[in-house]
Structure formats: C-alpha cells, structure tokens
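Asker: As given, the protein sequences belong to chains A and B, one line each in that order.
Take the first sequence: its position 176, counting from 1, is numbered 176 in our numbering, and each next residue is one higher.
Take the second sequence: its position 330, counting from 1, is numbered 330 in our numbering, and each next residue is one higher.
Hints are computed from structural coordinates only; laboratory data are not their basis.
There's no promise every hint is true.
No copy is singled out in the list; a pair is fine if it fits within one copy or between any two copies.
With a straight-line cut-off of 27 Å between C-alpha atoms, the simulated DSSO-like cross-links for lysine-lysine are [stated by the list, open to error]:
hint, residue 1, residue 2
1, K525, K505
2, K175, K561
3, K561, K505
4, K335, K525
5, K561, K335
6, K505, K335
7, K374, K525
8, K525, K175
Everything numeric in this text was worked out from a predicted model, so none of it was measured.
Protein chains: 2
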Amino acid sequence: MGQREGRSFKEILIGRPLKSRELFLERLDILSGLSILSPDALSSVAYGTEEILTVLVTISLAATWFALPIAAAIVLMLAILVVSYRQVIASYPSGGGAYMIGRDSLGTLPALMAGASLLVDYTLTVAVSVTAGIDAIISAFPQLHALRVPLDLLAITVISIVNLRGARESAAVFKWPTYLFVVLVLCMVGVGLLRGGWHNLGVRHTWAVPSMEGVSLFLLLRAFSSGSSALTGVEAISNGVPLFREPSARRAQSAMVILGVLLGSMFLGTTLLAHAYAVVPLTDNTVLSQVAEHVFGRNILYYALAFSTMAILSLAANTSFAGFPQLAFLMARDKFMPHFFQTRGDRLVFTNGILFEAIAASLLIVVFGGHTSKLIPLYAIGVYIGFTISQVGLVAMRLRSALQAGRSPWSDLPRSAFNAFGALLTSVVVVVFAVTKFSEGAWIVLILIPLLILFFYNVHHHYQAIAQELRLPSPEYHPAPERNIVIVPVASITRVVAHTIGYAKSISDTVIAVHVSFDHTESEKLEQRWAQWEPGVRLVTIDSQYRSVVQPVLRYIDLVKAQSPGAMITVLIPEFVVGRWWQGLLHNQMGFLLQARLVSRRDVVIAMVPLRLSGR
Amino acid sequence: MGQREGRSFKEILIGRPLKSRELFLERLDILSGLSILSPDALSSVAYGTEEILTVLVTISLAATWFALPIAAAIVLMLAILVVSYRQVIASYPSGGGAYMIGRDSLGTLPALMAGASLLVDYTLTVAVSVTAGIDAIISAFPQLHALRVPLDLLAITVISIVNLRGARESAAVFKWPTYLFVVLVLCMVGVGLLRGGWHNLGVRHTWAVPSMEGVSLFLLLRAFSSGSSALTGVEAISNGVPLFREPSARRAQSAMVILGVLLGSMFLGTTLLAHAYAVVPLTDNTVLSQVAEHVFGRNILYYALAFSTMAILSLAANTSFAGFPQLAFLMARDKFMPHFFQTRGDRLVFTNGILFEAIAASLLIVVFGGHTSKLIPLYAIGVYIGFTISQVGLVAMRLRSALQAGRSPWSDLPRSAFNAFGALLTSVVVVVFAVTKFSEGAWIVLILIPLLILFFYNVHHHYQAIAQELRLPSPEYHPAPERNIVIVPVASITRVVAHTIGYAKSISDTVIAVHVSFDHTESEKLEQRWAQWEPGVRLVTIDSQYRSVVQPVLRYIDLVKAQSPGAMITVLIPEFVVGRWWQGLLHNQMGFLLQARLVSRRDVVIAMVPLRLSGR
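Please work from the sequences and hints to get the whole structure.
Answerer: If you want it as structure tokens, here you go:
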C-alpha cells in the first residue's frame, strides 16, 4: 500500500480498503442465518397490527374486532408462503430471488417486472423500517416528537455507513437484537394472554361479531392489504440460501419454518392483545408500544422492547441495504441497469447501490414527513408482485424441465398446484392492494414500476447499441487524423503562454493563437509584440462586443472546422497552477468554461497545459 | 447576434446582453440625483428612532425622555457631516468615496481599512434595509409575521435581479417612492405636531428631565450609538457627484444640504412624536408605524406610508447594491480583491459583486433570524470609520497640496479645522460604538475588518508575485519540451481506443498504452490481441488489487516522469460521447476522475479524446 500515506477521512469512516481476494462469505448455522435473514420479516410485527387497526377505526371502534379474522387470514397466507418458499429453496439452492427466477423461467418482461418491484420495495423497506423504528423511540420518549425526520435521516446515515464498511462481521452483530426482540414480543404475548389479557377479553365480550353497520367489503379488504405488509421480507431466506452451511438448502428450509412459526405467533398474539386492551392507533404511541405498556407497565422490559424494536427495524433496513445493491448488480451485469452498480468499492460492497438506495429512501422520508402510515400504502405491493413471479416461475420451470427430461408434465402436479395456488393468492393480494390503496399512494408505485421497466429496456438497448458501435470495423482498423490543427487562446504574452506555444509546436505544425479583443489599442499592441516574439505562429484577433471570451473562441473553432473538414482540432489552454486552493479562485476560470462548452463536440480535443507558479 | 438563437432563461430574467459601448451615465438634475442617492440616508428614519428607544426602555419608561436630547445631538452631528461633506464634494468632484480618498492621501492601510469597513457596511445596509422594510409590511399585516425570513430573502432576490438587469432607467423608478416617503413622513410630523401631538406633549408634562435613576452614561452612549445608524448613507451623494449634470459639484453640494434638512427634520419630528404618543418598540409594530397609527389612524395614508417605507428601504438596499460592486471593482483594479469583481456581465453591471453581496446579506439575515435590532449593532460602525477616513484624508490632502504649491500649510485652516473636528467627532462615535455595542455584535465587525485587510494584502501580494513570475525571462524565451510521452489508458480494444491511439501517434513518437488489470486471464487475452492489432505501441499492464483504475495510472505516470525528467507527459483518455445527457451517466466516468486527480500536476497535460457514438 505504498501510495497510501496516512488514513483519509474516507478510511476512518468506512475502514481500510480490502483486496479483491478478501471477498468471501461466512457460512452460518440455522439460527445465525435466521438472525441475518429474518429481521425484515419479523420486524413487520412492529407495524402490521397497527396498519390493520388504522383502517378499521375509520369505520368505528367496534369494527376493530375485524382485526382478528383479518390477522388470521394473513397468518394463513403466511403458512402457504412458507410451504411455497420451501419449494423455491429446493429448486433454487443458489438463492435466486424473483428477478433471477423470472429471467430463467419466464423471460425478460416478468424478470424486469420483478426487478422493478423489488428495487422499489427495498427502498420502501428502508424508509418504512426506519420511520417505524424511530416511531418506537418516539413512543418511549415523546419529547423527541419534533425531531422525527432528522432522526430518520440520521438512522439512514448510520445504517449506510455500516453497510459501506461491509457487513462481514454481521452475524455476531445481528444475533442479539433479533433474539431480544423475538423473546420480548413472545414474552409480552405470553404474559399478556395468560394474565391480564385473557381476563380483559372476557370483560369486553368481544368474541361476538359486531354490527356490520358501515363495514364494507372494500374497507375490510383495505385493512387486509395494510396488514399483509406484515409478511414483507419472508422471501429473504430463499434469496440467501448460500449463506447457510451445507446442506444449505435443508438448513434454509428449516429456517423458513421457524420464521413462519415465530412471525405468525408474534403477529397474531399482538393483534389479539391489541384487541383485548382495546388499543387504537395514536399519533405518538405505536400500537405495539401501547400493548407493551398494558402488559409490562413503563418498566425496564417496556424500554428494552422499544429499543429492540428500533434495533430490529434497523436490521431490516440493513437487510434491504444488502438486497438492493445485490439486485442492482445482477441487473447491471445483465445490462439492464447502469454499469456503475457493478463497481465494488474499497470495502468490496456495491457502494453506488448503497448510496443510491440511501438517497432514495431519505427523499421518500422527507416527502412523506416521516409518517409510517403514509408510506405503507406504497409498500408491500412490490413484494407481492415478487412473490407471484417467483411462484409462477417455479411452476413454469418444473413444467419445462419435465418436458425436457421427457417426463410427464403432470409428474410434479401436487407441488406445482400448491405453488400455483400460492401465486394466485399473492396475485389477488396485488390486485386488492392496487385497488384499495390506489388513491392513498399505491398509484405512485403502479406508475413507477412500468416507468422503471421502460428505463431498463432503454438502458439495455443503449448498451447493446454502444457495444455494436465500439467494435472495430475490421481487424486492421487504424484511423489516423488527416491533419492536426492546434488552437491556443491567448490573452497576453506570458511565460505560461510561451510554455503552451512551445508544447503546441511540438505536437503539430499548424498552431494558431487566438486573441479575443475588447479594446483595439491593446490588441494592436499585442499583435506587434507577438510578431516580434513568435512570428512563426499566426495570431488571430477576434473582436468581442459582449465581453465574452468563450463565445468568440467557439465560433472561431467552428470556422476552422468548416474550412478543414477531416482535420482534428486540438485546443490548448495556457493555464497556471498555484500553490493553495484559495489562490485558484483569484484567477480566471476561462479554461474550465471553455472545456465545459467544448466537451460535447466531436473531433475537438481540449486540454489545459499547466505551468506551476509559486504565487509567493 | 448570429450565435444567439431564441432567448435563454437568463435573458428573460435579466434582459438582452448589452454591448460594451452602451455603457454610459445619465446626467441628472438636483432632485433626480437626490432621489437616487438619498434613499439610503432617508430610509434610516424607518429605524433610527426605534433603535434609540429600544435601548432606553431597558432602563425605564420615563428614561425614553432621553431620546429627545440624543436625537438632537445626532442631528447636530448630521449638520457637521453635511458641511464637511460639501467640502469633500468640492475637493473630490470625481466622486471618490473613502477608499479612493484614503488611497490617494493617506496610504494603503487607511484605504484598505475604509474599503473593508464599507464592504461590510454595504452588505449590512442591504440586510438592515430589507429586514426593516419587511418589518414595515409586517406592522401593517401582522399575519405575515411567520414569513419574515422568506419575505426578506424574496426581497433580496428581487432587488438582485433588478440590479443584474442594470439600473439605467433608475431615476424614473426612484423618484416616486422617495418623494412619497418624504412627503408622507413630513406630513405625519406636521399634522402630528400641530394637532394631537402638541396637545399630548402637554398632557404628558414630559418636558421636564426625568429622574436619573438607573440611567448610566454607558446606556445613554449606547442609545446614541444605536441612533447614529440614522445617519448612515449621507456619504452617498459625495460618492455619486458625477451623476449630476454640470456644474455637478455645485449641484451635489445643494443636494447635500437638502438631504440634511430633510433627514434632520424627519428624524427629529418622528422622535418628538414618538415621545408625545409615548410609543415604545413592539415586536410586530415598528415605532414609525405606531406613530403613523396615532396621527393618521389605520387609513389609506397609514398604508401608503407602510408601503413607501418598504419601497424606500428597498431603494436603500439598491443603492448599496450599486456601491458594493463598484467598490469591489475599484479594489480589484488595484489588485486588492479577486479579478472576477472586475468582470462586467451581459448587462454591463458587475455581476459577481452583486451576487456576492446578495449571498452575504442573505446569510446575515438567516443567521440573525431577520431581526433588524439584532443586525443594528453590527451596522454603522463601518460607515463611521469611512466618515473618519474621508475627513482625515481631506485634511491630509489639503496640507500636501498646500506644501507642494508652496503655500502656507495654514492657508486652508478654517476648512481643515472643520474637517478635523468632524473626523474627531465621527471617530469618537466609532469608539463609542465599539465599546457600547461590543458584546451585542460589534465584535464580529471588529474582528472581520482586520481579517479582510489581511485578505486584501494577501491577494495583492499574490497577484504581484504571479505577475512577476508570468513575465518572460527574456524577449527570446521559447521553451520547448525535450520530449513528449503520450500515455493512453485502455480497457479493451474498441473503435474509441483505435481513434485515440491514431491521434496519439499523430502528436508523438512515444505512445504507451496502459491497461489496469483486475483479472489475469483477461489481461493476457488483451495483450495477445493488442500485439496482433498494434504491435508498434507498447501495452503496459498493471495489476490492481484494489479495483482502482485511477491510482495505478497515477503511479505509472509518476514512474515515467521519474525515468524521463524534462519530458512532457500527455495523458489521452479515450472517451465516447453519446447523444443524450442521461446516456452519459451510463458510462464510466473514469476520464473525469483521472482528470480531477491530474489537474494539479506540473508537466502533465491531460485530455479526453472524444468520439461521438449514436447510442441508438
């Protein structure tokens, strides 16, 4: 590391650069793997119940009863997804994700649809997880209320920096917040149901179905859509199969079941208790926090839950910070996203993807004022599109491989039927989501996804066109400029100009000095001095009525180009470099202006010829 | 104007570009000249009385009586300044200003002191005038209270745009608001004193001196300092002598007297009425506005005064927008300020000075929350330093010219004595100001002025050093590089690389292609293809463990430089240009990175060799 002297600010922030061969993966056991891949799903407990209740209270307090059947339906869907994703894991042990599955089995359009949906959803996961995490902290410390958005942005910054450092030591870091959150929520549910909760349920006599007054199918479906955000992230394990120690597919499948059981019981338990304690959503106190207050009181366990909620939501955001850059990398490799998403930074992570996601999520948070419930209608629709494409892709793949192997297409019927049913269910959720949440914000996503797909196609087409144009027309292609005309703008005769003219004469026989004149007397003096000093180089004087240097020089270049087609034109700008940065501000920035204007012209090479002066 | 197709946004905003020969001055009669040069001084009536009262009410309500003698003392000082400045006009008919007078008669340090003071004060004039103008509007429409700072910034933006357009049609624009303000204030004073005011004065029995309890000399002097902000701007006429029609000095002297009479009577009258009506400063209602309410009631005259106050304060800010760029230009011409303050923009105004002042004033307003009374302690000290230097300079100049002409140095005694007395008075005000306002904010200015002077000296020294270095060492100086080595970074063999190599071979015999390798197999393949395609150009492969292209190329350049001292090194970066801006983002920005890193190295010329591709 000879060229690296001392540690730059960047190094202190994100750590020493890693060599390419240091890229490796730690292989994990079931629990460690689960602790890395589950936070996205488990953390949904922090807002799932709340989102259902937020819709139902708009009908009536009594209507909150419907949270119970809705939660049950969502848990049923969870069970189906767990079974379906066990099969995805078996068929895709390399951990494909919806984009890869779609690409391999359904074609480009479904793959890009999955890609667009997931990129949008990864970004929303970061935004929603961060705002929900800060909500948990604000519930515990309401005096922080006014700092909501700054705290959100601070959290994103911290998570971005952690990710830019690389999450290689992650399992050790991830384990404890995840375990703590799971244990505390299960403890809350257990204690709550056994002790006070059960009793209160009786007191409210709320097992009975309430009056249906004001209750419409539309509103119930909307509540169901909101609640199904609780299942976002369950696909993470199937994407991360290679993280597990061998036999990794088997371990991943077990992790999937454990995740399903944990998530189901935590979500259902919280919803039951919320109903038992007649909790309704408040601005500065989350439903989970209110339930915890009822069960624990405001004691150490309550605050531990608040912080572990914040922690697991941060981990969920973190998961997404791994997912987005990885997917962007895969799509960039396939030339559907800009190349720069392929570049690994000093710490071997996809720096550009991380920065891009951080900025996009920050913008979302600022635009929506950090309100979780305003972000939720945009969220989850992409995840369910991904669910659907994965499962349809699986069915298509089995059919194809059966046909290729000469087996009956029906040989995999039971499993395929299950996946098809899962796909049907999740696609229905997509439609329900789109319809019931449309006016609340889902329209943004429904416009954004097609736009992104269009963008992917454009990028792909452009890269292919460029690749075509870049190919040598023949193996013996050696283009050479007919002639090289060098133009040097000069203001006066100085050492810097002399230096540039000397260089210009060394690279071409045709050197023209151009002087832009504001004042006849002065330019005549210059012409005389020039004729004495360097009679071999022609000095062209151009009058400028508008005190602009750049415009007349550009016009002169156009003139020379028109007169000498086929010639290469090189513009050399005499420039002196001074010692300190502020001194640079004291001199004319004409070179930069000219360069900025010339940079897009074909056949014009522009360079500043620097001469260092001390300025002291 | 062949090259200008259609009107750009800039043209719509600030108007068509003007030719250099369109620079001329309209010559004005006394009243028109006064209307352009007096708003800065006259508008001080909007806050002068208020600033005195703000200090006095901190003692007691009764102590506000002291506003009367303080105002009288300030008006006396005004009279002395008017007489003194009539002599400045006579001696400096070209309209010098404190910087020019100081430079010509006292030397560099006093001149720079005056320059620094006035630049600071011009900026503060903009800030104070704008906030006070918006205060007048908020007094009339208190519901705008919350928009104070945005309104301030909007006002600065509008005034900046007006100035960027150039204020050539200004007299016509300036006349009416100035006349209206003067007439309304005089009308208010007259009506007030004749009718209710006089009566109330009697009612309050306040002619008697109140108890001196709690009244300290320090506080009275502080009140005096605050009130003397009412005289800021009286020097403007002496700076603008050439604006008047011939005999311009005589006309300017008459204008000076008129200004003194108007300002004195308006300021004294307002202070008397404020006392009569027992007005004290309020947050959302200025003293001037309260007095007007008492005299007029909230009728059309009241609102007319509010708007004309806002208007004349805007004109005051405008005056300062002429003064700052003009002074910056003069100092830049003397090489004490950066060159760019000398550039006239499309509309022949000093664009950079205007923008710089607008940004500085906006920052001040934001930092001080748009509160006029918080800005006032910073204000005026610079103006009084300018007053002092002008008058001392005048005395010194007379002495010198008397000595040069062989006259007795005492020949000008009466006039010189008067100027010396004026200088003594204003220098005492500076000291009183510095002491009594020190902790409230004057310390900022007292630190800033020496720093600025230091900056001016540094700039001057730097420009002189550079000018020295730029001079040709001999009339026959023709430096030529011993050798020109061209380095071309290549990633693969493409049409763009072929184009750049062709160009490189046309400008030098020594062309080296450099490839940064991340992968041995690929770089070996490239080496084989290269040997077949272009055996005449050496390809150097450098391994990069850290996936960086820029670092290894820089190290290679250093190596070549070390091996070939005296050679000129040219780096040519193959680059393709695509049709649309967004397509540019899809390609590696390696060229820009390399250029940014190389730009400060001596003896390295860097250029991108562009080839246009369609990308379609």
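Asker: Which numbered hints does this structure break?
Answerer: 2, 5, 6, 7 and 8
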